[in-house]
Amino acid sequence: MPVLKSFSAPAKLRDELTPATRRAWSAKVGGMFDDFKAPRYRQFYDPTAADTPSDADVVPVLWPAFPARLRGAGSEEAIAREADRSREQQDEYCEWSVEREQGKITRITFTTEIPEYFELLAAHDQARLLAIYRQLAGPGVKIEHLLTGKQYRPKNRWNRGEEATGGLVHLTQANNTLGAAVVLAAEATILRERDGQPIGTKQELAGCAGLGHPRRNSDPQIAAIVNGAASTGASLTLQDPLGLYIHRLVTDGMSTPDGTDPQTFWKLERGSPGRAVRASFSVPKAKGYTVSEVKIAGRPIRFGAQLADRVRVRLTAIVKPGNARPRRHPCI
Amino acid sequence: MSGPVVTDLGCKFFRELPETTLKRKTIHRFIAGQDTAIQELTLAEAKAKAELGDVFATEFLLKGVFPKTSGEVLARLKKVGGAGDPLRTHRFFFLGEGSQVPPDTTGVQRNLRFLAVTGKSEGGGPDLMISTFHPDRGDLELMAWDRKRGGFNYYRTVGDTTGWIFAGNSRHAVEPKTEGNGPFQTHTSGNFIMKELKAPWINWDSPDASISPKVLPAAFRDHPWFRQRESGGALTCELEVARPSITRWTKARFEQLLPGGNGTIERPRRIMEQILGTPTVNLVSSFTEGTQVARAESVDLPATFFVDEALSNPMIGLEGPPGFAVPGKVYAQALKTFKVRWTDGGNFTRPGDTHFAFVVPERAFEDIEVLRRALKTGLIGERFAASLLMVDFPNPVYSARRAKLLDHVPAKAIVEAGKSTFGQEMAKNILAAAEASPANSPEREFAERWGAGAGWKAAFNKTLAGYYRALGRTLKAQGGFDRIFRVAESRRNRMRAETPLVESPLLFATTNVARSARASLRPDGTVV
Chain A
20 MPVLKSFSAP AKLRDELTPA TRRAWSAKVG GMFDDFKAPR YRQFYDPTAA
70 DTPSDADVVP VLWPAFPARL RGAGSEEAIA READRSREQQ DEYCEWSVER
120 EQGKITRITF TTEIPEYFEL LAAHDQARLL AIYRQLAGPG VKIEHLLTGK
170 QYRPKNRWNR GEEATGGLVH LTQANNTLGA AVVLAAEATI LRERDGQPIG
220 TKQELAGCAG LGHPRRNSDP QIAAIVNGAA STGASLTLQD PLGLYIHRLV
270 TDGMSTPDGT DPQTFWKLER GSPGRAVRAS FSVPKAKGYT VSEVKIAGRP
320 IRFGAQLADR VRVRLTAIVK PGNARPRRHP CI
Chain B
26 MSGPVVTDLG CKFFRELPET TLKRKTIHRF IAGQDTAIQE LTLAEAKAKA
76 ELGDVFATEF LLKGVFPKTS GEVLARLKKV GGAGDPLRTH RFFFLGEGSQ
126 VPPDTTGVQR NLRFLAVTGK SEGGGPDLMI STFHPDRGDL ELMAWDRKRG
176 GFNYYRTVGD TTGWIFAGNS RHAVEPKTEG NGPFQTHTSG NFIMKELKAP
226 WINWDSPDAS ISPKVLPAAF RDHPWFRQRE SGGALTCELE VARPSITRWT
276 KARFEQLLPG GNGTIERPRR IMEQILGTPT VNLVSSFTEG TQVARAESVD
326 LPATFFVDEA LSNPMIGLEG PPGFAVPGKV YAQALKTFKV RWTDGGNFTR
376 PGDTHFAFVV PERAFEDIEV LRRALKTGLI GERFAASLLM VDFPNPVYSA
426 RRAKLLDHVP AKAIVEAGKS TFGQEMAKNI LAAAEASPAN SPEREFAERW
476 GAGAGWKAAF NKTLAGYYRA LGRTLKAQGG FDRIFRVAES RRNRMRAETP
526 LVESPLLFAT TNVARSARAS LRPDGTVV
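Residue numbers (this note's numbering), protein chains in the order written: chain A, 20 to 351; chain B, 26 to 553.
For reference, chain A alone in the conformation it holds in the complex:
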């Protein structure tokens, strides 16, 4: 693979963008790499500036959407309720919203769409921004709902960041940004040591290098994999189109009242094959039952979090074999 000409739109949603907006997106992503040109980041590279050889390894990193730092913090019901309560809790680069009718769940929608994409649309193509919002949130959206002056407002009435029962358009939790993932990958190429001993395990590295909550699913795992590869002398980047993707829903162990395969209730709503950024789980009305009657390991679905535990989120790293001899840095 030669040097990348430009960064693609997330999920290859290129048809949504004008040529000018596509160029602006590429420049925006390129800007994320510009922060890592210092020598200490020599094992993290911009794929539009350096080549990616054909023998580079493509390394998918997968994790469940359920926020891992809640695990063990209460009864299963309590932590599921807590995860559902607010999207502020949903910090694994995937957020969800639960729709109910008369107390029964009718739909659970998941998104991994990054806020940077919508910020760009607000700056360059507000008509497109409005069209996407209307497609995802309903025809009542007006542009003034989304902006404060000329500034895009990521948490707005149609994309309620604090409520997991409100509208859902894109990620809003503070850690759930593409920029955060790029920073994490770059910082994780720096090898660490404590008292002369190499740091390598997931939680140890997260704590030592200040890479977020050590008990999260996503960041510490991405960091550990990147760090492990960097220790071999390899260089790393993230696969184009950069983004966080919904990999799949695992339905083994799920059952429905009429024996229908629950996988048929899972619909990819946005993105391209293999690069879904929005998906939902709902039962067609004709079936005569709702999501609440579907069971996971014998338990009826009462929370979106139960399904989130089975939704896999993916980020893909590219590992370019190399001979770097990085020195280890102390913990921060």
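Rather than coming from a laboratory, the hints here were simulated on the basis of the structure.
Keep in mind it's a predicted model, so treat the numbers as computed, not measured.
One or more hints might be untrue.
List of simulated lysine-lysine pairs, DSS-like, C-alpha gap at most 27 Å [as the list claims (entries may be wrong)]:
(1) B:74 x B:276
(2) B:202 x B:72
(3) A:339 x A:47
(4) A:56 x A:174
(5) B:444 x B:401
(6) A:314 x B:93
(7) A:123 x B:401
(8) A:123 x B:482
(9) A:314 x B:482
(10) B:361 x B:501
(11) B:145 x A:314
(12) B:104 x B:173
(13) B:437 x B:487
(14) A:286 x B:145
(15) B:93 x B:74
(16) A:314 x B:401
(17) B:401 x A:306
(18) B:50 x B:72
(19) B:104 x B:72
(20) A:47 x A:31
(21) A:314 x B:444
(22) B:202 x B:74
(23) B:239 x A:339
(24) B:48 x B:74
(25) B:88 x B:74
(26) B:104 x B:145
(27) A:174 x A:161
(28) A:314 x A:123
(29) B:429 x B:444
(30) B:429 x B:401
Under 7 Å between C-beta atoms, here's a sample of chain B residues computed to sit facing chain A [to be verified]:
(31) 147
(32) 149
(33) 235
(34) 257
(35) 268
Positions of the beta carbon are idealized from the N, C-alpha and C atoms, including for glycine.
Here the structure of chain A is known, so what remains is to put chain B in place on it, guided by the hints.
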């Protein structure tokens, strides 16, 4: 043709069998406890006698194809059926008790191994699973779902021979003559084993802990099985391999016992042993890494250490336990008090706990599934099941008190149209025995639980809530946690002593607590 008479019926027998015992390119049968010697089978005999209906038999052995390595097995399966045949999709998992020992440690026995799975059966889970230390060498253990009769067929080779032994079907794990013998010494109920079944899946490559390529021998690092290992690792294995496989066999087992939902179960004690005893265990741990406990504000402890998961499962429906945690500094002090070190007994010793802290046995998922089927088929009812499990509830595994209730299992159980008097008969037996038993006997405890009557859920929830509050107090103090630590070590020692599942000294940390010391929890959160 038969070989010499075999007297050692354990799984060790297979491991130590000289490969010259097996004839090349031949199917053998040795079902320990049933056969007295290894039988060579001609293809005709194998087809007629062995009743092998799994894909390994139908695509290999019964066609006269005798692979030597797991690599050869999978290579042939790549050509089976059409392009979309699930047998052409192969998934690889990687694990080892020493997989998280720092890569630069030399001479440590890491016990690294692969699990390869393929196919997808109608009932859920894969068709065929292979566990191997080396994809390109012999000494294979293979399980394959029997599509004709149900249950897994167990096969193995020895050394580099192309002779294969059929060692039995899952049903042999639960039949009187063969149970506990051969492969069923470890696969106690005929199930697939993933003992570290739940997150954070200690020892497995997983989202919670990736295994560094650096711990592998250099020749392995580029091996396709390692490079193509499942990205979700143990997370995928748990949900898509282990749990569905266990559920599938348990369902098939009950269907065999009760065709059409009706019939007489000749040996209900075998089922009740899985409900009241601890024939096997799974392992669970804290989510906190062992090296991080001193830095952690608090260290989470697995709830299933304190209470049986089955009680809060919807099949019984009691309220779930809260989260349990101990202050990091308290946990760290306990590591010093008990001189805890992670060691292989040879070249590697590190002060402190295993990769994830507080690894302990918990009730096995396969036994929970048996309880679920016992309820679903109507063999027993919810109140009866809950009353049994509430006896000595602070000790979800290795409870001698609960196991004592096995003395009262009726000889037979009849199930008709989803109903049985078995539970009532057993309850009656226990209540009768309670009358003449000493105070505080398990029978009297059962009688008290059973006596809650229709209000059993509220009564049990109240009892459990009091226990959880007491545990909260116990876990705050150093002395309290030290006693809890002794209970944990006691249970590990029971597992060390009673199951062959502890295959590496690195599975648990080593402590200064005597291996013979026993401790258990009480409903007031104290330890005896």
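Quick rundown of the hints versus the structure:
1. Straight-line distance between C-alpha atoms of residue 74 (chain B) and residue 276 (chain B) comes to about 25 Å, which keeps the hinted pair within the 27 Å bound.
2. The suggested pairing of residue 202 (chain B) with residue 72 (chain B) holds, with an alpha-carbon distance near 23 Å, which does not exceed 27 Å.
3. Between the alpha carbons of residue 339 (chain A) and residue 47 (chain A) the distance comes to roughly 24 Å, so the proposed pair stays at or under 27 Å and holds.
4. Distance restraint check for residue 56 (chain A) and residue 174 (chain A): the Cα-Cα separation of roughly 32 Å exceeds the 27 Å cut-off, and the hinted pair is therefore not satisfied.
5. Under the criterion of a C-alpha separation no larger than 27 Å, the hint pairing residue 444 (chain B) with residue 401 (chain B) is consistent with the structure, at around 10 Å.
6. Of the pairs offered as hints, the one joining residue 314 (chain A) and residue 93 (chain B) is violated, with about 42 Å between alpha carbons and a cut-off of 27 Å exceeded.
7. Restraint check for residue 123 (chain A) and residue 401 (chain B): the C-alpha separation of about 25 Å stays at or below 27 Å, so the hint holds.
8. Note on residue 123 (chain A) and residue 482 (chain B): the hinted pairing holds, with a Cα-Cα distance of about 25 Å set against a maximum of 27 Å.
9. Proximity of residue 314 (chain A) to residue 482 (chain B) is assessed by CA-CA distance (about 22 Å); at most 27 Å being required, the pair is judged to hold.
10. A C-alpha spacing of about 17 Å is found between residue 361 (chain B) and residue 501 (chain B), which places the hinted pair at or below 27 Å, so the restraint holds.
11. Distance hint between residue 145 (chain B) and residue 314 (chain A) is fulfilled; the C-alpha atoms sit about 21 Å from each other, no more than 27 Å.
12. Under the criterion of a C-alpha separation no larger than 27 Å, the hint pairing residue 104 (chain B) with residue 173 (chain B) is consistent with the structure, at around 22 Å.
13. A hinted pair counts as satisfied when its Cα atoms are at most 27 Å apart, and residue 437 (chain B) with residue 487 (chain B) does not qualify at roughly 35 Å.
14. Using a Cα cut-off of 27 Å, the hinted pair residue 286 (chain A) and residue 145 (chain B) holds, with the two alpha carbons roughly 23 Å apart.
15. Proximity of residue 93 (chain B) to residue 74 (chain B) is assessed by CA-CA distance (about 24 Å); at most 27 Å being required, the pair is judged to hold.
16. For the given pair, residue 314 (chain A) sits about 15 Å from residue 401 (chain B) by alpha-carbon distance, which is consistent with the 27 Å threshold.
17. The hinted pair formed by residue 401 (chain B) and residue 306 (chain A) meets the criterion: a straight-line CA distance of about 25 Å does not exceed 27 Å.
18. Note on residue 50 (chain B) and residue 72 (chain B): the hinted pairing holds, with a Cα-Cα distance of about 15 Å set against a maximum of 27 Å.
19. Only pairs whose Cα atoms come within 27 Å are accepted, and residue 104 (chain B) paired with residue 72 (chain B) is accepted, the gap being roughly 23 Å.
20. A threshold of 27 Å between alpha carbons decides the hint, and for residue 47 (chain A) with residue 31 (chain A) the separation of about 16 Å falls inside it, so the pair holds.
21. Pair hint residue 314 (chain A) plus residue 444 (chain B) holds up; C-alpha atoms about 24 Å apart against a cutoff of 27 Å.
22. With a CA separation close to 18 Å, the supplied pair residue 202 (chain B) and residue 74 (chain B) stays within the 27 Å bound.
23. Only pairs whose Cα atoms come within 27 Å are accepted, and residue 239 (chain B) paired with residue 339 (chain A) is accepted, the gap being roughly 17 Å.
24. For the proposed pair residue 48 (chain B) and residue 74 (chain B), the alpha carbon gap of about 19 Å is at most 27 Å, so the pair holds.
25. Distance hint between residue 88 (chain B) and residue 74 (chain B) is fulfilled; the C-alpha atoms sit about 16 Å from each other, no more than 27 Å.
26. For a cut-off of 27 Å, the pair hint linking residue 104 (chain B) to residue 145 (chain B) stands: about 16 Å separates their Cα positions.
27. For the hint linking residue 174 (chain A) to residue 161 (chain A), the alpha-carbon distance of about 14 Å falls within 27 Å, and the restraint holds.
28. Using a Cα cut-off of 27 Å, the hinted pair residue 314 (chain A) and residue 123 (chain A) holds, with the two alpha carbons roughly 13 Å apart.
29. Proximity of residue 429 (chain B) to residue 444 (chain B) is assessed by CA-CA distance (about 25 Å); at most 27 Å being required, the pair is judged to hold.
30. Between residue 429 (chain B) and residue 401 (chain B), the direct Cα distance comes to roughly 25 Å. Compliance with the 27 Å bound is thereby established for this hinted pair.
31. The criterion of a C-beta within 7 Å of any C-beta in chain A is not met by residue 147 (chain B), whose closest approach is roughly 12 Å, and the hint is violated.
32. Taking 7 Å as the C-beta cut-off, the interface hint given for residue 149 (chain B) holds, the closest approach to chain A being about 6 Å.
33. A distance limit of 7 Å between C-beta atoms decides the matter here; for residue 235 (chain B) the minimum to chain A is near 6 Å, and the interface restraint holds.
34. Because the smallest distance between the Cβ of residue 257 (chain B) and any Cβ of chain A comes to about 5 Å, under 7 Å, the interface hint for this residue holds.
35. Checking residue 268 (chain B) against chain A by beta carbon gives a least distance of about 6 Å; that is within 7 Å, so the hint holds.
Violated hints, listed in ascending order, are 4, 6, 13 and 31; each of the other numbered hints is respected by the structure.
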